[in-house]
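*Asks:* Sequence:
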Amino acid sequence: MDSAVRTQSVEEVAAAIANGGVVAIPTDTVYGLAADPADPGAVERIYEIKRRPGDLELTLLAADAGDFAGLVDVPPLATRLARRFWPGPLSIIVRVGPVQTAVPRRGTTISCRVPDHDGLRELLRLTGPLATTSANLHGEPPATSAEAVASTLGPELDAILDGGTAAGQPSTIIDCTVTPARVLREGPISTTELLPPADDFTAKPALRATDPEVAALMDDELRRQEETLELIPSENLASPAVLEALGSWLNNKYAEGVPGKRYYGGCEFVDKIEILARERAKELFGAEHANVQPHSGSQANMAVYASVLEPGDVVLGMALDQGGHLTHGSPVNFSGKLYRVEPYFVSEETGILDMEDVRRRALEVRPKMVVAGYSSYPRVLDFAAFAEIAREVDAMLLVDMAHFAGLVAAGIHPSPVPHADFVTLTTHKTMRGPWGGLILCKSQYADAIDKAVCPGIQGGPHPHGMTAKAVMFKQCMQPEFRAYAVKVAGNAKMLAQALMERGAVLTTGGTDNHLMVIDLRPYGLRGRAVQSAFDEVGITVNANTFPGHGGTPFNPNGIRLGTPSVTSRGMGEPEMVEIAELITRMLGALDDHGVRAEVRERSLTLCRSFPLPYGPSPAA
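Per my numbering, the sequence shown starts with residue 405, numbered consecutively.
Hint data in this document are derived by calculation from the structure and do not stem from the laboratory.
It is possible that part of the hints are untrue.
Claimed, not checked - Straight line, CA to CA, 25 Å or less: simulated SDA-like cross-link-like pairs of lysine to any residue:
#1 855 x 693
#2 891 x 1009
#3 772 x 861
#4 878 x 664
Stated by the list, open to error - Across the chosen pairs, the derived CB separations fall in these ranges:
#5 959 x 448: 22 to 32 Å
#6 851 x 959: 43 to 53 Å
#7 596 x 907: 51 to 61 Å
Fair warning: this is a prediction, and the values are worked out from it, not measured in the lab.
Beta carbons: idealized from backbone N, C-alpha and C, even for Gly.
Using the sequences provided together with the hints, build the complete structure.
*Replies:* Structure below.
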């Protein structure tokens, strides 16, 4: 071997690449040729040295999967395969991203890989991704040692990094730019590991092979979530552990009834899971009784009503257009049809709830139940005052804390549990759990609640859902969850402040929780048009009424924003300022296509900087 060509140290090889050189590198499969992908001259030299046809793509090697961000367009399947098999001998073909100067582009696709070779990854951390191909003449067997490379290509190379003897088997190649994905070359990782047989019912995972149409739609939705700033306050990211429980064999079991009193056999382990979930919920919130069976928050509310009310009884709840919820008495909802619901209102001047006004309304209508809770009210409720009002009119108090339950669980928001007869919540909003409902109540109502849920309004519970709730309750007891909830509230305050500094008008002038509502009237806009335009630029919001200022549910005069999901991605206060800038830029020039393009690029950059926490899914 020519000693003038061979370079032993990683630093010297990195310097050769920086100077426009072509080098030989070891990998976990075979030896390769490498150059800076942003240097057209060096890339062309690879083709010349190897005698490689010009229409064949090179491969990008990187030290970590995150190094490919901005260079290539990675679909969800490729992301999941990378998390499962990298570093390792799997080359994934994806589409080239918009930044062409950093990719050796011959067509619209390119192969990417993170090798399982410590020395090479050390080099890649110094150089960044490298354009590579095997270190042999085109059509000849690949080289497995530095000596073999030197004997055939040495005089034409600027450096050779000796990494010992390579395994000798080229990587598996899978094309993720087509649906279904296709294995082009089988190497150390088999086709069945990547794509299980379509006719194997027991294959795990099997969905991509058995139903590529549904798998592709799942991929589309995952990509939307990956590339979108999710600001709808009722949406969040369930943890991988919660999703694992939801997608488990617990789905296979029927379990009508309650633990110890089921209508079906074989429920001994479901009983243990439900009891565990109940006990964790009681511990988390300091409640006397918990029912974890409701499929949703709406059904939790329905069960509470059914447990102690008769049709026609009077219920006092916050009006929907004031920030309340459908199940608090909307005339189009079961609550408004079965019960005589009387609304209370926020102040027209401040948007804030005046408890003396609530008391006056309670004395006027003499309800049997008072409902405290909201879907778009950004302030802390006075639960003690609500309880006092309920006692004064001999009513029961239901607090619907679906939106702020995670903040209560973390101990950073006042708890309604000591004050209320019943507390309902959803487990998927600020709690980051599965879709579902939960009822907490005083022990005197336990039997009535359990019977109202089943057989009253539901048949069997969802064992996989109760399992996921149990997982989520434990997660909410950890210090990490409290830190998350603190950040949710802090991010909301920062987002609200940054929006108002840029001229936005918010209901109540700010927020004490995780959400806020922007008044669109100063911009001359309505909610549906704004929601649709924001979808196009990768910012998801929902149209929402702004209290006291007209508008309709289908075309309201506000938009509702929240911070749970973006906080779950790891974003903090600096990102909230950036998001506020994007929102106000859009509101000030909604139909300007240049502004839309700019905002889309900036929102996508934020999303790629804070990826979702997901690995393989059932569609993988």
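*Asks:* Look at each hint and say if it fits the structure.
*Replies:* These are the hints, each one checked on the structure:
no.: 1; hint: 855 x 693; in the structure: 13 Å, holds
no.: 2; hint: 891 x 1009; in the structure: 21 Å, holds
no.: 3; hint: 772 x 861; in the structure: 21 Å, holds
no.: 4; hint: 878 x 664; in the structure: 23 Å, holds
no.: 5; hint: 959 x 448: 22 to 32 Å; in the structure: 58 Å, violated
no.: 6; hint: 851 x 959: 43 to 53 Å; in the structure: 45 Å, holds
no.: 7; hint: 596 x 907: 51 to 61 Å; in the structure: 58 Å, holds
Checked against the numbered hints given earlier, the structure breaks only hint 5 and satisfies all the rest.
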